[in-house]
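Participant: As a plain string of letters, each chain reads:
Protein chains: 2
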Amino acid sequence: MIPTRARLADLAAEAGVSTATVSRVLNDKPGVAESTRAAVLAAVQALGFQTEPEQSDGEGLIAVMIPELANPSFAAFANQLALVLTAAGRQMILCTAGPGGTSEEQYLDELLGVEIAGIISVSGSPADSLASHEHYQRLIDAGVPAVFINGYASTVDGAFFSCSDAEAVTISVAHLRSYGHERIGLAVGQLRYQPSQRKRAAFLAQGFDESSVVSTFFTVEGGQAAAARLIDAGHTAIICGSDVMALGAIREAHTRGLDVPGDVSVVGYDDTPLMAFTNPALTTVRQPVPAMAQAAVGALLTAIRGLPTDRAEMLFHPDLIIRQSTGPVHAR
Amino acid sequence: MIPTRARLADLAAEAGVSTATVSRVLNDKPGVAESTRAAVLAAVQALGFQTEPEQSDGEGLIAVMIPELANPSFAAFANQLALVLTAAGRQMILCTAGPGGTSEEQYLDELLGVEIAGIISVSGSPADSLASHEHYQRLIDAGVPAVFINGYASTVDGAFFSCSDAEAVTISVAHLRSYGHERIGLAVGQLRYQPSQRKRAAFLAQGFDESSVVSTFFTVEGGQAAAARLIDAGHTAIICGSDVMALGAIREAHTRGLDVPGDVSVVGYDDTPLMAFTNPALTTVRQPVPAMAQAAVGALLTAIRGLPTDRAEMLFHPDLIIRQSTGPVHAR
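Chains W and F are the protein sequences, given in the same order. Numbering-wise (numbering that gives the first Met the number 0), the first sequence opens with residue 0 and increments by one. Numbering-wise (numbering that gives the first Met the number 0), the second sequence opens with residue 0 and increments by one.
Warning: the hint list may mix true and false statements.
[Stated by the list, open to error] If we take Cβ atoms under 7 Å as the criterion, some of the chain W residues that face chain F in the derived model are:
1) 81
2) 83
3) 87
4) 230
5) 276
I should point out that these hints are in silico values taken from the structure, not numbers from a laboratory. Just so you know, even glycine gets a beta-carbon here, dropped at the ideal spot from N, CA and C.
I would like the entire structure built from these sequences, with the hints used as guidance.
Facilitator: Here you go:
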């Protein structure tokens with residue numbers, strides 16, 4: 000019973016309100032003044048409204064916000080989103096917004112001047128507990144829908160698609176325990192980021208201690224520093240928050256003359272394309288990038304048509320890819 | 000003595016021709032009818048023209064054309080271009096145009112409807128001897144300048160920035176010869192691509208035979224297939240057209256129970272970020288991505304200001320990064 004986007008605009012013009020407000024009224028959402036609601040309903044009565052969606056997805060670019068492309072996981076998402084958007088006949092603007100460059104907010108402010116039909120945010124500000132999400136809500140209120148990959152914020156009216164960090168940790172722990180490991184450590188990036196928080200919580204829920212969690216950065220050097228502390232503390236296995244961190248953890252083990260997995264087992268996260276070629280080939284947890292990209296684009300195109308989308312967070316199940324960086328525990 | 004872009008537009012309107020035509024006349028380029036030239040010069044006489052460039056880079060998005068982001072070399076260029084463009088206050092549209100997706104030409108046709116200030120093409124159609132470049136010249140004629148990374152076409156009015164494929168091969172051969180290798184093979188992607196042609200020519204110039212060149216695809220599987228043929232033919236060292244091909248070549252050697260570099264030495268090309276972590280760590284030739292991105296963006300912003308840019312191809316010197324995939328020749 001939701002009108003198409005064009006129809007929303009007609010109703011908004013008639014009622015003298017934004018299309019977002021019309022949408023809120025038609026979807027019976029809170030936060031609309033009674034007088035406004037009455038004006039929108041009067042407009043509906045005057046104009047009627049169309050219940051069938053138009054088939055066209057309309058015009059306008061899709062902006063994809065991504066922290067950077069040097070991280071192979073982000074490059075994989077960007078590549079897949081480009082493929083799916085292209086197949087849907089849409090062009091994407093890729094904005095690499097993050098620390099050290101243009102902020103997401105600056106980009107979004109700039110984009111208000113360009114015809115943007117919708118936004119896909121990958122590991123964006125909703126994933127950062129220190130960041131504001133107001134800029135997204137502002138755009139959404141202006142009629143530009145947004146969907147979010149790997150970042151959830153209950154205060155934003157978007158659709159959310161995340162890989163389950165909790166399950167990633169659970170299957171990693173189960174795999175290492177099957178090899179006899181008991182001293183397992185977790186190496187994650189900064190705890191301001193949701194995936195770090197979620198992995199930590201799932202790890203502690205497995206009966207491990209706070210002292211077995213080290214938070215550094217999602218980089219090779221971050222993984223190396225975290226592994227140094229975890230190995231010093233006697234851990235025989237390390238679960239990492241990203242493949243790149245895992246490569247750093249392996250480097251630290253090698254630097255100490257330790258064998259992986261003979262002395263230390265290492266599990267990554269992401270399964271970015273080249274992990275089968277590392278030394279040793281990395282056991283890691285694969286994010287289902289194609290499925291997540293497809294779902295996010297589908298939801299965004301639905302929202303662009305003015306149809307309602309589910310605001311619940313969709314959690315995708317990761318797969319454990321067992322290669323050569325994990326093995327039976329040895330007494331060191 | 001070149002007017003600014005705004006001034007170009009004034010002259011074009013006065014003369015009833017395109018800004019590109021005005022530019023050709025003012026730069027004394029061929030291909031303009033005498034009557035048109037006279038009309039432009041009359042407009043110059045009537046309006047005068049400004050000789051100092053404006054300082055502003057103006058508005059409009061920069062479109063970056065790149066074949067795909069799954070290839071880490073292309074991701075590295077995209078990431079670096081995003082950094083440099085952001086620092087220059089410009090937003091980029093990243094278009095992944097290539098086989099199996101939207102073609103470059105389709106993208107460019109679409110982009111004619113959006114306000115695009117300029118185009119950066121990475122390994123685009125000028126690098127493909129089977130592709131047409133007309134779409135670029137059409138845009139350039141419409142006043143949208145283009146610069147090209149790793150693809151040169153003498154028929155396009157752009158600026159060109161390439162890593163020297165010839166030098167990459169020369170330094171790879173010298174390195175392998177210093178280890179005593181004489182049976183050296185070259186594995187490249189399809190010969191329709193300029194980098195393949197250039198590497199092949201440089202390789203043959205080093206005294207090697209046609210039979211030591213295998214052309215497949217720029218993928219892991221392409222490298223694996225090429226290595227199979229080169230190893231069968233008794234080569235002790237393989238120079239690959241990309242890092243990803245080199246990983247395939249190493250996989251082929253490992254599949255046969257051969258040691259790298261004990262039995263076969265392998266050299267890559269690109270030095271994408273994770274090559275220090277492969278098994279064995281890859282000896283490869285590094286493209287100077289930051290310098291190339293900086294130069295290309297600089298030239299594009301210069302062209303956007305209406306200033307002349309050099310059309311010669313700038314060749315950047317690559318560095319050989321020696322790791323563990325190359326070593327002394329052994330009799331097999």
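Participant: Next step is simple, just say for each hint if it's right about the structure.
Facilitator: Outcome of the hint check:
1. 81: At about 4 Å, which falls below the 7 Å cut-off, the nearest Cβ of chain F leaves the hint on residue 81 of chain W intact, so it holds.
2. 83: violated, 10 Å
3. 87: Violated. Min distance 11 Å.
4. 230: With Cβ-Cβ at 18 Å, over 7 Å, it is violated.
5. 276: holds, 5 Å
Checked against the numbered hints above, the structure breaks hints 2, 3, 4 and satisfies the rest.
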